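Enquirer: Sequence:
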Amino acid sequence: MAPRIVVAGSANMDLVGIAERLPLPGETVLGSDFVMMPGGKGANQAIAAARAGSGSVFLGAIGSDSFGVTLNARLHAAGVDVTHVRTSYGASGVAVIMVDHAGENAILVSPGANSTFTNLNEDEARLIAGGDVLLCQLEIPVETVTAACTAARAGGTRTILNAAPARELPADLLANVDLLVVNELEAQTITDSQSPDMAALLALVPRVVLTLGGSGSRYAERDGRDEFVPAFKVEPTDTTAAGDAFTGALAVAWGEGRDLIEAVRWANAAGAACVRKLGASNALPTRTEIDEIFQG
308 MAPRIVVAGS ANMDLVGIAE RLPLPGETVL GSDFVMMPGG KGANQAIAAA
358 RAGSGSVFLG AIGSDSFGVT LNARLHAAGV DVTHVRTSYG ASGVAVIMVD
408 HAGENAILVS PGANSTFTNL NEDEARLIAG GDVLLCQLEI PVETVTAACT
458 AARAGGTRTI LNAAPARELP ADLLANVDLL VVNELEAQTI TDSQSPDMAA
508 LLALVPRVVL TLGGSGSRYA ERDGRDEFVP AFKVEPTDTT AAGDAFTGAL
558 AVAWGEGRDL IEAVRWANAA GAACVRKLGA SNALPTRTEI DEIFQG
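The sequence shown: position 150 = 457 (the working numbering), numbered continuously.
The hints are simulated quantities; they were obtained by calculation from the structure and are not laboratory data.
Since the structure is predicted, the reported quantities are computational estimates derived from the model, not experimental observations.
Heads up, a few of these hints could be off.
As the list claims (entries may be wrong) - Only pairs whose alpha carbons sit at most 20 Å apart, straight line, appear in this in silico SDA-like list of lysine to any residue: (1) K540 <-> N490; (2) K584 <-> F539; (3) K584 <-> D407; (4) K540 <-> Q495; (5) K584 <-> R328; (6) K584 <-> E569; (7) K584 <-> E429; (8) K540 <-> G603; (9) K540 <-> P477; (10) K584 <-> I325; (11) K540 <-> T390; (12) K540 <-> I600; (13) K584 <-> A409; (14) K584 <-> D372; (15) K540 <-> G564; (16) K584 <-> T390; (17) K540 <-> I568; (18) K540 <-> R328; (19) K540 <-> E563; (20) K584 <-> I568; (21) K584 <-> E542; (22) K584 <-> A413; (23) K584 <-> S371; (24) K584 <-> T595; (25) K540 <-> T593; (26) K584 <-> G521; (27) K540 <-> E569; (28) K584 <-> R525; (29) K540 <-> A409; (30) K584 <-> V541; (31) K584 <-> G324; (32) K584 <-> E599; (33) K584 <-> N412; (34) K540 <-> D530; (35) K584 <-> F341; (36) K540 <-> G463; (37) K540 <-> T496; (38) K540 <-> N428.
Using the sequences and the accompanying hints, generate a full structural model.
Expert: And the structure:
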């Protein structure tokens, strides 16, 4: 039976411009293409989990504008349960993304309706408590993330926190996180150090996945297990949603009961499959695409 992944997070409309290189401050660069598509870490990870083979439920807020209508429709079309998505009067979240021909990107996010996703109601808390895994990020108010993780702990639901964008994390949130997923910059911010410090991270949470971009990932837990999991080598087109593909797939694999090293390896395959395509939600891979890379 497919695991039930509940994602509490953000939904944005992504406005993506492609150019030969990213502009310097104050510079205008002529682009070669433009696309508009649903995004936001929460929505992306909900779609990633659905495409990777789970029952995926999204909790979040969209605006009353045309972007909100499109976001809701695209999530539903991707197989995500949007029954409990809130609609907030005003603008939806928007991300302005610049991508160069080498696949690197720069992103500016305007939260819009995401900032109104506060005060979990009873139905939302019940959904979280009934899931196999709760997946959260930090593009919604941190108080909401804390409340979601607290509800998960009370219901026996495992929690994954993708601590992005990087910020200081309150103790009552960390106390209810089972697995922390961070990149090197986020790890430095959380531990207030100049380099990723696994020992410092494991003092905060029992399990950590440190993503290392094209190199792979590192998994460690408090019982002393610490292993590097190499990346699958592919030719990148756009790295925008690679982290979301990774984290959504990781939640599915853990929800299926896989050993976490194997789960991280499968998530690496999801990230590799994602970077071969342009865009965010539309680039998130299916289970078949993930397995093709994973099985070599």
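Enquirer: State for each hint whether it applies.
Expert: Structure-based check of all given hints:
no.	hint	result
1	K540 <-> N490	holds (19 Å)
2	K584 <-> F539	holds (15 Å)
3	K584 <-> D407	holds (13 Å)
4	K540 <-> Q495	violated (26 Å)
5	K584 <-> R328	holds (18 Å)
6	K584 <-> E569	violated (24 Å)
7	K584 <-> E429	violated (39 Å)
8	K540 <-> G603	holds (11 Å)
9	K540 <-> P477	violated (37 Å)
10	K584 <-> I325	holds (13 Å)
11	K540 <-> T390	violated (38 Å)
12	K540 <-> I600	holds (9 Å)
13	K584 <-> A409	holds (12 Å)
14	K584 <-> D372	violated (28 Å)
15	K540 <-> G564	violated (26 Å)
16	K584 <-> T390	violated (29 Å)
17	K540 <-> I568	holds (18 Å)
18	K540 <-> R328	violated (23 Å)
19	K540 <-> E563	violated (25 Å)
20	K584 <-> I568	violated (26 Å)
21	K584 <-> E542	holds (10 Å)
22	K584 <-> A413	holds (17 Å)
23	K584 <-> S371	violated (30 Å)
24	K584 <-> T595	holds (15 Å)
25	K540 <-> T593	holds (18 Å)
26	K584 <-> G521	holds (15 Å)
27	K540 <-> E569	holds (17 Å)
28	K584 <-> R525	violated (25 Å)
29	K540 <-> A409	holds (15 Å)
30	K584 <-> V541	holds (11 Å)
31	K584 <-> G324	holds (15 Å)
32	K584 <-> E599	holds (15 Å)
33	K584 <-> N412	holds (14 Å)
34	K540 <-> D530	violated (30 Å)
35	K584 <-> F341	holds (14 Å)
36	K540 <-> G463	violated (37 Å)
37	K540 <-> T496	violated (28 Å)
38	K540 <-> N428	violated (44 Å)
Checked against the numbered hints above, the structure violates hints 4, 6, 7, 9, 11, 14, 15, 16, 18, 19, 20, 23, 28, 34, 36, 37 and 38; every other hint is satisfied.
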